[in-house]
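Undergrad: Chains as they are written, first to last, in the numbering used here: chain E, 1 to 291; chain C, 1 to 164.
These are computed hints drawn from the structure, not numbers from a lab.
The structure presented is a predicted model; accordingly, all values stated were derived computationally and were not measured.
One or more hints might be untrue.
Straight-line alpha carbon distances no greater than 27 Å define the calculated DSS-like cross-link-like pairs of lysine-lysine that follow [what the hints assert, rightly or not]:
(1) E/Lys2 - E/Lys32
(2) C/Lys159 - C/Lys131
(3) C/Lys4 - E/Lys32
(4) C/Lys4 - E/Lys2
(5) C/Lys152 - C/Lys131
(6) E/Lys174 - E/Lys2
Computed footprint of chain C on chain E; a stretch qualifies when at least three of its residues, placed anywhere within it, have a C-beta under 8 Å from a C-beta of chain C [stated by the list, open to error]:
(7) 6-14
(8) 44-54
(9) 104-112
Some chain C residues close to chain E (C-beta under 8 Å, calculated; not the full set) [what the hints assert, rightly or not]:
(10) Ser2
(11) Ser3
(12) Pro22
(13) His45
(14) Thr52
(15) Ala60
(16) Arg61
(17) Gln69
(18) Gln129
(19) Ala133
(20) Gly136
(21) Arg140
(22) Gly143
The beta-carbon is built from N, C-alpha and C at its ideal position, and this holds for glycine as well.
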Amino acid sequence: MKPAPFDYHAPATLDEAVALLTRLGDEGCDVKIIAGGQSLMPMLALRVARPEVLVDLGRLEALDYIRDEGGTLVIGAMASKQAAADSDLVRRAQPLFQAATELVGHRQIRNRGTVGGSFAHADPASEYPAVALVLDTEFEAVGPDGMRTIPAADFFVTYMTTSLEANEVLTAVKFAPFAPRRRWAIQEFARRNGDLALAGVAVTLDIEAGLCRDVRIAAFGVQATAVRLTAAERMLEGRPAQPQHFEEAGRVAATALDDPMGCIHASPDYRRHLVGVLAARALTEAAARPQ
Amino acid sequence: MSSKQRIEVRVNGIRHVREVEPRLTLADFLRHDLGLGGTHVGCEHGICGACTVLIDDRSARACLTLAVQADGHEVATVESLRAPESGALHPIQQAFVDAHGLQCGFCTPGFMMTTLELLRGNPDPTEEQIKEALGGNLCRCTGYQSILESVKLAAQRMKPGAPA
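Just chain E, same shape as in the assembly:
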């Protein structure tokens, strides 16, 4: 229950961090980046992860910010989740992301855990990747060749794997403006308050003249990454925003889901069932939300 030994660096600047990651990579070192450490520390304690070197981004205070850039909400990778949960700007600009953040762990975890750290960790049971898929989210990363922007659809590759290079640092998460008319909801099922969800669903949609438009539904906790439930999205497009259609969308989502994960707490069939129930609930909640 104690981490295995590792070497430790805490670069003072982003440039230093990228140069260090590049050098360590060239030397063939097994390196992990630590931000808040709230996902990595348990893995180190259980020795699921045994990196040779830990690069701590804790000194990169320049990445700890939450701001509005011409309507786009930009959250620095080192901003804490509690800061995001408490931010009036986040609540106003991205209510779904704010609500998802409150579902992450407990306050003790959110105080230390960072927004960027969660996205880069890409735990399939995390709320964040699913939320990124139903919002217009982009990731800003800096590597030796400078900065690049990665859309959410290209960011999450598979289980705990993103398209970030080993010598790239995730620097910011950008959320395009969320139209005030747009509806949203997030629903999840966990065995205890604050646990990672066994399954969850995030939705956004418009309702125009009583009809569903631009429906986006994503599930988390069920496959190797968060996944868009496109069959249900297509089925709902243009349908009346009414409970029987939301329930049908849930059934379609559950049926169309490929190979849900199984574990000691939830069989593949149970996860499939949860996705259907939670999708219907989320759609119903979103439709009922006062504008």
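Using the hints provided, position chain C relative to the given structure of chain E.
TA: Just chain C now, with coordinates in the frame of chain E:
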């Protein structure tokens, strides 16, 4: 590999400079390097909350924080609650005693440090807010009801103008 790092941490107002192994958790640093045994180590992977301390006034799990990450920061442990001069118990501690908020006491330091952060930010929490705040701390003795009562009692006594 793993050359020792020099860290400077203020713990309960006292500055400490130590050389530590990078893999040392803040919880073990507090207990073994500084002799502050009040921070209890339960699960050691962030589930139980027994090791909750405040880092720069924010609650954190000391088992999910490396001592090197606390470099340059301020840590408060359960030992900071008691009045340094008189030795009087903090109102939170007294409330846990009076409302039977503990039996074996293993989880209590974590609950009290979590309560401290809660009541500083929200002096008059609802029962729902107390439950939400305590959600990250496990207790295997009390069934939680008496802990809820303890926090309510502490809040009542800590309110400005409350009789001492």
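Undergrad: None of the hints should be skipped; say for each whether it holds.
TA: Comparing the hints with the structure gives:
With a C-alpha separation of about 17 Å, the suggested pairing of E/Lys2 with E/Lys32 holds against the 27 Å cut-off. Between C/Lys159 and C/Lys131 the CA atoms are separated by roughly 19 Å; this keeps the pair inside 27 Å, and the hint holds. Annotation: proposed proximity of C/Lys4 to E/Lys32 holds, straight-line Cα distance about 18 Å (limit 27 Å). Of the pairs offered as hints, the one joining C/Lys4 and E/Lys2 holds, with about 16 Å between alpha carbons and a cut-off of 27 Å not exceeded.
For the hint linking C/Lys152 to C/Lys131, the alpha-carbon distance of about 11 Å falls within 27 Å, and the restraint holds. Only pairs whose Cα atoms come within 27 Å are accepted, and E/Lys174 paired with E/Lys2 is rejected, the gap being roughly 36 Å. Residues of the stretch 6-14 of chain E with a Cβ under 8 Å from some Cβ of chain C number 4, which satisfies the need for three, so the listed coverage holds. Here the stretch 44-54 of chain E counts 5 residues with a CB under 8 Å from a CB of chain C, which clears the bar of 3, and the coverage holds.
Residue count for the stretch 104-112 of chain E with a Cβ under 8 Å from a Cβ of chain C: 7. That meets the three needed, and the coverage hint holds. With its C-beta approaching chain E no nearer than about 4 Å, C/Ser2 sits inside the 8 Å limit, and its interface hint holds. Nearest Cβ of chain E to the Cβ of C/Ser3: about 7 Å, under the 8 Å cut. The hint holds. With 8 Å as the threshold, the beta carbon of C/Pro22 comes within range of chain E, its nearest partner Cβ sitting at about 3 Å, so the hint holds.
Taking 8 Å as the C-beta contact cut-off toward chain E, the hint placing C/His45 at the interface holds, the least distance being around 4 Å. Taking 8 Å as the C-beta contact cut-off toward chain E, the hint placing C/Thr52 at the interface holds, the least distance being around 6 Å. With 8 Å as the threshold, the beta carbon of C/Ala60 comes within range of chain E, its nearest partner Cβ sitting at about 5 Å, so the hint holds. At a threshold of 8 Å, the smallest CB-CB gap from C/Arg61 to chain E is about 5 Å, leaving the interface hint in force.
Hint on C/Gln69 holds. Least Cβ distance to chain E is approximately 6 Å, under the 8 Å limit. The interface hint given for C/Gln129 is violated, since its Cβ lies 11 Å from the closest Cβ of chain E, which is over the 8 Å cut-off. Because the closest C-beta pair between C/Ala133 and chain E is about 6 Å apart, less than 8 Å, the hint holds. Annotation: C/Gly136 was flagged as interfacial toward chain E, and the flag holds, the nearest CB pair being 3 Å apart, inside 8 Å.
At its closest, the beta carbon of C/Arg140 sits 14 Å from a beta carbon of chain E; the interface hint therefore is violated under the 8 Å criterion. Because the smallest distance between the Cβ of C/Gly143 and any Cβ of chain E comes to about 15 Å, over 8 Å, the interface hint for this residue is violated.
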